[in-house]
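Peer 1: Listed below are the residues making up each chain.
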Amino acid sequence: MEAGAATAPGPSAPPRGAPPENILLDVRDLRTYFHLADGLVKAVDGVSFSIARGETLGVVGESGCGKSVTAMTIMRLLETPPAEVVSGEIWLNDQELLGIPETEMRTVRGNDVAMIFQEPMSSLNPVFSIGDQISEAVRVHLKLSKHDAWDKAIDSLQQVGINSPERRVKQYPHEMSGGMRQRVMIAMALSCNPKLIIADEPTTALDVTIQAQILELLRTVQQKTGAALMLITHDLGVVAEMVQDVMVMYAGRVVEQGTVEEVLLQPKHPYTEGLLASIPSKGRRGQRLNVIKGTVANPFNLPKGCNFAPRCPFRFEPCPDHDPRVDDPGGPPAACWLWKPAPGYSVAPRVEQGARTASGGEAQIP
Amino acid sequence: MLRFIIRRLLGIIPIFLGVIIVSFALMQMAPGGPEAAIQGQQRRLTNEQVDSWLARWCLQREDDLGALALEFGGWAGILNCRNQGSEMLFSEQGGLNFLPAFMGGGDNGLLHGDLGNSTNTGRSVQEMIGERVPGTLMLTITALVTWVSVAVAVGVYAAVRRYSLFDHGMTFFSYVFYSLPTFWLGLMLIFLFGPLLGWLPTGGVVNPRDWPAFGSPQFWSAAGERPLDAFLDIGRHLILPVTTLVAVNIAADSRFVRASMLDALGQDYVRTARAKGLATRVVVGKHAFRNALLPLVTNVALSLPFLFSGAVVTETIFSWPGMGRMFIEALGNRDYFLLMGILLVTSMIILLANLVADVVYGVVDPRIRYD
Amino acid sequence: MTGRAVDPTTEAVAAGEAGASQPAPDDYEVSLQPLSQMQLAWRRFRRHKLALVGSVLFGLMVLLAIFGPIIWPYDPLDIERVTKPGGNPPSPGEIFGTDSLGRSVFELVANGARLSVAIGVVTMLIATTTGIVVGALAGYFGGFVDSSLMRFVDLMLAIPFLFIVLVAARFFGSGDPLVLMLIFGVLSWPGLARLVRALFLSLREQEYVMAARAVGVGHLRIAFRHMLPNALGPIIVSATLLVANAIVLEAFVSFLNFGIRSSDISWGTALARSQGTLIQGNWWWPFFPGMAIAVTVIGINFMGDGIRDALDPRARA
Chain P
2 MEAGAATAPG PSAPPRGAPP ENILLDVRDL RTYFHLADGL VKAVDGVSFS IARGETLGVV
62 GESGCGKSVT AMTIMRLLET PPAEVVSGEI WLNDQELLGI PETEMRTVRG NDVAMIFQEP
122 MSSLNPVFSI GDQISEAVRV HLKLSKHDAW DKAIDSLQQV GINSPERRVK QYPHEMSGGM
182 RQRVMIAMAL SCNPKLIIAD EPTTALDVTI QAQILELLRT VQQKTGAALM LITHDLGVVA
242 EMVQDVMVMY AGRVVEQGTV EEVLLQPKHP YTEGLLASIP SKGRRGQRLN VIKGTVANPF
302 NLPKGCNFAP RCPFRFEPCP DHDPRVDDPG GPPAACWLWK PAPGYSVAPR VEQGARTASG
362 GEAQIP
Chain Y
-10 MLRFIIRRLL GIIPIFLGVI IVSFALMQMA PGGPEAAIQG QQRRLTNEQV DSWLARWCLQ
50 REDDLGALAL EFGGWAGILN CRNQGSEMLF SEQGGLNFLP AFMGGGDNGL LHGDLGNSTN
110 TGRSVQEMIG ERVPGTLMLT ITALVTWVSV AVAVGVYAAV RRYSLFDHGM TFFSYVFYSL
170 PTFWLGLMLI FLFGPLLGWL PTGGVVNPRD WPAFGSPQFW SAAGERPLDA FLDIGRHLIL
230 PVTTLVAVNI AADSRFVRAS MLDALGQDYV RTARAKGLAT RVVVGKHAFR NALLPLVTNV
290 ALSLPFLFSG AVVTETIFSW PGMGRMFIEA LGNRDYFLLM GILLVTSMII LLANLVADVV
350 YGVVDPRIRY D
Chain D
1180 MTGRAVDPTT EAVAAGEAGA SQPAPDDYEV SLQPLSQMQL AWRRFRRHKL ALVGSVLFGL
1240 MVLLAIFGPI IWPYDPLDIE RVTKPGGNPP SPGEIFGTDS LGRSVFELVA NGARLSVAIG
1300 VVTMLIATTT GIVVGALAGY FGGFVDSSLM RFVDLMLAIP FLFIVLVAAR FFGSGDPLVL
1360 MLIFGVLSWP GLARLVRALF LSLREQEYVM AARAVGVGHL RIAFRHMLPN ALGPIIVSAT
1420 LLVANAIVLE AFVSFLNFGI RSSDISWGTA LARSQGTLIQ GNWWWPFFPG MAIAVTVIGI
1480 NFMGDGIRDA LDPRARA
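Chains as they are written, first to last, in the numbering used here: chain P, 2 to 367; chain Y, -10 to 360; chain D, 1180 to 1496.
Read the hints as simulated data drawn from the structure, not as lab findings. Since we're looking at a predicted model, the values are computed, not measured. Heads up, some of the hints might be wrong.
What the hints assert, rightly or not - Capping the alpha-carbon separation at 27 Å, the derived lysine-lysine pairs in DSS-like fashion look like this:
#: 1; chain 1: P; residue 1: K171; chain 2: Y; residue 2: K275
#: 2; chain 1: P; residue 1: K225; chain 2: P; residue 2: K43
#: 3; chain 1: Y; residue 1: K275; chain 2: P; residue 2: K144
#: 4; chain 1: P; residue 1: K144; chain 2: P; residue 2: K171
To be verified - Reference listing, derived: stretches of chain Y covered by chain P, where coverage requires no fewer than 3 residues with Cβ under 8 Å from a Cβ of chain P:
#: 5; region: 246 to 260
#: 6; region: 322 to 329
What the hints assert, rightly or not - Pulled a few chain Y residues facing chain P out of the computed Cβ check, cut under 7 Å:
#: 7; residue: H276
#: 8; residue: R279
#: 9; residue: D354
#: 10; residue: P355
#: 11; residue: R356
The beta-carbon is built from N, C-alpha and C at its ideal position, and this holds for glycine as well.
Just chain P, same shape as in the assembly (with noise of 0.2 Å):
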């Protein structure tokens, strides 16, 4: 049951060192592959991001498009069979996580990087109490006495606004609500003072109005603490709102990355324009929804150059055979060859049309 064992920096990623000073997280070039009895599936697919100290990058895509993967594998929390990290680099600060041993690893979990789940049912260990579990972190990373952390712990709760916090510390999880659970999940996470939180679809399981809150609280936290956030969703609305900056990705690897505006107004790569598309809205009432054709690819059998060539409106000649992948960050706004020009061709038709968009036009308003 290892988990989390690293492994060294593939070949396709030249060693480039620490990021500068004001980059937090660095992901280059990350590979995690499953091995299945049914194949290989390659759930990470070349992924490079980066996030800066105090910035909220938002990872959005479909079910099984590699978002939780990638969280997991920055945690390092995969099970070793099945998955494995076939090659890539991870820089926290001036630490590279796939390098360090297990040991070293534990002291960044749940300490420099903390990590918040979308169940917050089951997320809690139903035999011991709130103080109990939230204390245990801080026992293990910041050195607190019990008492001291038991202290702590109750602070944490305040902090993210729960009222009576003495009284509730002492409680199970089963005595609490869903919404009341992933504050304590939130609490949980902070009580490190991590400098990263990932939040993976931490609101999906919870009722429409919880959901404003928490992702209110989770604001006001980042905002307070100076913690960088990376919050995966597959709800647009959530993105519009709380980030600055957003990464979409489609069957393991990046397709789009910009800032909100960018995307969510100019969108480039043809699988987010039809993401946004499909959005109902009041304007179009009594019209058929807009849907991307086809279905989500067959992790088993990814297609051959573009991953999304299938079901692309926009498809053309170099599409199936040539991937598209965008290896530097500074490079073209969007994976697909109609930002960058294909093998055998000079420029990219949009690039050269002046176009804003991916189906060509100027800004849109969803």
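We have chain P already, so just place chains Y and D on it with the hints.
Peer 2: The following block gives chains Y and D in isolation, referenced to the frame of chain P:
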């Protein structure tokens, strides 16, 4: 927590009453009823003893409902038939009859340990059972402790080292041992370690050449003088019977613990624990294990009656001086009252053990305490 | 998009946008093949190697039960001369040896199969039918019916099973195998009833039950026609275990001479009085009949495991 224990205690009472009533009914079903059985004891008991017994149990000549109620009261120890009318609720000493003797109560019937006399030996059933209870308890308690600790150790290790050689080996052996009939396993072990290898004693609880009869007062005083020797000798004699008794249970429960641990290890809260940066030892030993324990406690509690059934088998095969073997002997002799006495005492012990298991479950799982 | 110069790039894009031929999306999709529940279960069972082994073992024992006494008939007068007090050890003539009376242990095993296996199966049938009826009624109707039935079941389960069985066999049995089957069956159903009740209690909340009630289907029909098939999985597994338990129980009870009369041959009576010879070092008499029992029980348990995994609704095919 205390409220929880009291509630559980109250819950047992109906079943307790049920067992008593069923025993009483069975007793009445014997041809001629208990009076005939007692009267038939002439050869073993003096006339005074027989009369005293009939009086203690309020046995009547009539067969109507009122008479039955009286007999039940006397037999259970609630009524004192030496008095008349409403005075029957009170004992010779003046207190309520159903209370223990030292609190002013009576000395007759079930509540005071008066279970009649054996039709075979004439001795009081209470005395005979008392002699054999230590033997059975020694066997079953040792067995219980061994069973749970080995099953847990093996199951947890196999879960943590899934698919290893140990895991596969354990699965194979547990499949095989689970299916072996207990008494046959005992016979084979006797042959293996007795005539064949000669390593272990195959019967009895102590070496008869070194010690007086087990359970007798002479034995206890001799044991008091040489406690370490007694301990070792008893221990040597315990090995085969305990192994026979628990082999099946260990086989079944180690797989159960393994499955339960794997289930716990796959839960979200284990993922949370690891995300907090806790060491694997803590994640497995504290977070997963506490949750895996819950179904095991239930399982053990459910299997307790089978521990006693198994004790009957084991005591017979290994000539172990316990209640189980005495039961078989009584069965052979049609020793009616002794049989009933043993049945009652064993049922009570099992009910109490279930209560203890319930409390343990409440301690381990906080969700149960508040229901 | 107006006034473009002709450019290979944009031409290609335009062609793509016009929907030229492309690789079929189907190549990249997962295909689904519907199979019925029973077919899925059978597939899973077949892949479970231990279950197949178990089925073969049990099948062999059933064959032995049916044909054993025909192929190797037992003749009480066919006695070997006993050379040692505990019987003759295994030899080329008598592969299982003889008991202390000179009877062939092999013949005892071959003939004993019939009664032992029959007791196992009949006990299971009695206990299962009674247990299902009682458990279903208790679980379906709940309330008062449930409490009273379950109080009774709890009572029966509070007294150690073996004790009650032995008492019943001693006082009501007369050596007759049929009576023994009845006793075993009647005393075994409470355990199964409790299981069935728990299953029905949870199934009662399923939507199809409410739907059936809404349409006006009667209680009994819902319970036995709609709910019971869904509960069948764990019931079947328990039933197979009952067969195994009954066979072992018969063996022990007859071993103590409280069960089947010694003039009838079962694996239990074959073992009666055999313990004494063990101390003298004569292992074969208790070994072979017991081995037959063990093999049968192992086979049944493996089969039961396979059935349980096959019928588990959460398993993949």
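Peer 1: Each hint should be assessed against the structure and marked as holding or not.
Peer 2: Hint by hint, here is what the structure shows:
1. P:K171 <-> Y:K275: 18 Å, holds
2. P:K225 <-> P:K43: 38 Å, violated
3. Y:K275 <-> P:K144: The given pair, whose Cα atoms are some 19 Å apart, holds under the 27 Å limit.
4. P:K144 <-> P:K171: 21 Å, holds
5. 246 to 260: It holds, with 5 qualifying residues against the three required.
6. 322 to 329: violated (count 0)
7. H276: 5 Å, holds
8. R279: Result: holds, 5 Å to nearest chain P Cβ.
9. D354: 6 Å, holds
10. P355: Hint holds; P355 of chain Y Cβ to chain P Cβ min 5 Å, cut 7 Å.
11. R356: At 5 Å from the nearest chain P Cβ, R356 of chain Y passes the 7 Å test, so the hint holds.
Checked against the numbered hints listed earlier, the structure breaks hints 2, 6; every other hint is satisfied.
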